[in-house]
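A.B. asks: The numbering of the sequence shown is the working numbering, which starts it at 1 and goes up by one.
I should point out that these hints are in silico values taken from the structure, not numbers from a laboratory. Treat the hints with care, as some may be off.
No farther apart than 20 Å at their CA atoms in a straight line, the calculated lysine to any residue pairs in the SDA-like style are these [said to hold, decoys possible]:
| hint | residue 1 | residue 2 |
| --- | --- | --- |
| 1 | K37 | H74 |
| 2 | K15 | T4 |
| 3 | K37 | A62 |
| 4 | K28 | T4 |
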Amino acid sequence: MLETAELPDDVTALKAMLVAAEARNQRKDERIAQLEKLVAAFRQAAFGRRSEKSDPDQFELALEDLETAIAAVHAEEDAEDRAARRSAKPRSTNRGSLPKHLPRIEEIIEPD
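Take these sequences, add in the hints, and give me the full structure.
C.D. replies: Next up, the structure:
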């Protein structure tokens, strides 16, 4: 999830990000519809009419198609996550570097 500080101020860049997000959502919606059709076909084959007369090899083919589609969805999501992580700029941290104009005071505390 993007935070407001990470978003660019340029309107054209924001529009491009919006178009890319919409395209990604469209691909995911299409993939979901395809998977729902596969699940419906599998349910029909397993529990519908004439399920006793179906060839058992057909079930394996349906399962293979379903597993392949699910693996493709996971691979696409992983690729998008990696791309999102790469494009986000890490926050710059300023640990230990104080301005030079501040006075330096060294204090040693001895244990009792």
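A.B. asks: Give a verdict on every hint.
C.D. replies: Here's how the hints hold up against the structure:
Between K37 and H74 the alpha-carbon distance is near 18 Å, which keeps this suggested pair within the 20 Å criterion. The straight-line distance between the Cα atoms of K15 and T4 is roughly 15 Å, inside the 20 Å bound, and the hint therefore holds. Restraint check: the Cα-Cα separation between K37 and A62 comes to about 11 Å, which is no more than 20 Å; the hinted pair holds. Our distance criterion of 20 Å between C-alpha atoms is broken by K28 and T4, whose separation comes to about 24 Å.
Hint violations for this structure: number 4 only, all remaining hints satisfied.
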